[in-house]
Amino acid sequence: MSYKCSRCKRDVELDEYGGVRCPYCGHRVLLKERAPTVKEVPVE
Amino acid sequence: MAEDFEVEFIEREDRKARFLVRGMTPAVANGIRRAMVADVPTFSVDTVRFVENSSVMFDEMIGLRLGLVPLTTPLDDFEEGDVVTLALDVEGPATAYSGDIESSDELVQPAELNVPIIELKEGQRLQLEADAVLGSGKAHAKHQGGVAVGYRHLHRVEVVGDANEFEEQEPNILRGVIEEAAAEHAADESAEDGALVPTSEFDNDLTKRYPGKDVEVHDVPGAFVFHVETDGSFTVEELVRRAVESISDRAAELEEKVAI
Amino acid sequence: MMIPVRCFTCGNVVGEHWDEFKSRAREGDEDPAAVLDELGVERHCCRRMMVAHKDLVDVVAPYQ
Chain L
1 MSYKCSRCKR DVELDEYGGV RCPYCGHRVL LKERAPTVKE VPVE
Chain R
1 MAEDFEVEFI EREDRKARFL VRGMTPAVAN GIRRAMVADV PTFSVDTVRF
51 VENSSVMFDE MIGLRLGLVP LTTPLDDFEE GDVVTLALDV EGPATAYSGD
101 IESSDELVQP AELNVPIIEL KEGQRLQLEA DAVLGSGKAH AKHQGGVAVG
151 YRHLHRVEVV GDANEFEEQE PNILRGVIEE AAAEHAADES AEDGALVPTS
201 EFDNDLTKRY PGKDVEVHDV PGAFVFHVET DGSFTVEELV RRAVESISDR
251 AAELEEKVAI
Chain W
1 MMIPVRCFTC GNVVGEHWDE FKSRAREGDE DPAAVLDELG VERHCCRRMM
51 VAHKDLVDVV APYQ
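Protein chains in written order, with full-length UniProt numbering: chain L, 1 to 44; chain R, 1 to 260; chain W, 1 to 64.
Calculated from the structure, these hints are not laboratory results.
One or more of the hints may lead you astray.
What the hints assert, rightly or not - The calculated DSSO-like cross-link candidates involving lysine-lysine, where the alpha carbons are at most 27 Å apart (straight line), are: (1) Lys121/R to Lys22/W; (2) Lys39/L to Lys121/R; (3) Lys39/L to Lys9/L; (4) Lys22/W to Lys16/R; (5) Lys39/L to Lys4/L; (6) Lys121/R to Lys32/L; (7) Lys16/R to Lys4/L.
Start from the sequences, fold in the hints, and give me the full structure.
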């Protein structure tokens with residue numbers, strides 16, 4: 001899972017033991033990045 | 001049906017028309033209306049593949065907006081279920097308009113070029129590929145070619161006497177088209193018996209057309225005034241023609257199937 | 001957010017007129033009714049789409 005820290009804007013990798021926290025600046029707000037794949041959406 | 005319909009245009013533009021049909025039953029009139037709404041297919045975006053969308057709207061919302069943009073549909077060249085690929089790539093700061101959509105087929109283009117899809121700010125980008133499918137209004141309203149399709153009876157207004165001269169006349173509102181039957185009482189000097197007059201010419205108010213007269217309104221049997229607009233996929237003429245064709249095709253099919 | 005592409009009620013395409021309506025009746029000082037008449041937005045269902053609309057992209061843009 002790749003996230004981005006909302007304070008230092010660095011990419012963060014989360015594992016199940018580290019808790020939700022940026023390892024660089026300690027900020028607890030992380031943003032989930034959009035997957036780089038092409039997303040197919042049906043129009044309804 | 002032994003008799004032919006008698007068709008007379010009251011208003012005729014590419015995307016909007018009003019016409020009178022005589023010699024029709026209400027069942028056929030409604031059948032044609034329904035065929036115009038649900039049976040005549042148009043191209044519409046059905047699947048969108050988002051390569052990049054950093055705009056403020058979700059993929060699904062942008063997909064929905066793309067689906068509603070009308071696309072020109074030359075029905076002679078395509079069959080229901082055919083697919084045309086479209087692409088859109090806009091980088092902010094700019095607004096992505098329907099006119100920015102590029103099509104793989106020059107026959108299928110956005111009918112309106114000025115519909116805003118999404119406003120993009122600095123650094124935002126929308127890049128996508130979309131499949132437009134030729135489908136009918138039965139499947140989804142975005143495939144409807146006809147907009148605000150309806151019909152009314154043709155009205156015949158008869159003057160039956162003078163209104164009470166000491167009473168103030170109340171407005172007598174009527175909408176649609178009237179067939180002039182009392183030209184000598186009409187406020188308009190150029191009125192002629194048998195002429196078709198849209199009620200909007202006299203503010204939809206019969207007391208303005210026949211001042212100081214008592215009137216009675218009757219429906220003309222078997223005469224229907226259709227009001228048809230299209231979303232730009234094709235002309236009104238094409239829409240009505242295709243609708244009638246689809247009804248007659250189905251009637252022929254039924255006849256064939258029940259034949260002994 | 002953005003002006004709806006079509007009228008909710010009748011399905012007429014109204015989005016194409018938004019830019020002109022906005023510049024003339026919202027930011028300009030023309031009478032909205034006169035502008036809509038001129039643009040050919042006749043029915044009151046379509047007119048309310050334009051009259052009742054508010055662009056919100058600028059409001060939500062900072063929260064990206």
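Hints, one by one, checked against the model:
With a C-alpha separation of about 19 Å, the suggested pairing of Lys121/R with Lys22/W holds against the 27 Å cut-off. Taking the CA atoms of Lys39/L and Lys121/R, the gap is about 22 Å. The hint holds against a cut of 27 Å. Proximity of Lys39/L to Lys9/L is assessed by CA-CA distance (about 24 Å); at most 27 Å being required, the pair is judged to hold. This hinted pair checks out: Lys22/W and Lys16/R have alpha carbons roughly 25 Å apart, not beyond 27 Å.
For a cut-off of 27 Å, the pair hint linking Lys39/L to Lys4/L stands: about 20 Å separates their Cα positions. Among the hinted pairs, Lys121/R with Lys32/L is consistent with the structure: their alpha-carbon atoms are about 21 Å apart, no more than 27 Å. Proposed proximity of Lys16/R and Lys4/L is contradicted: the alpha carbons are some 53 Å apart, above 27 Å.
When held up to the earlier numbered hints, the structure conflicts with hint 7 and nothing else.
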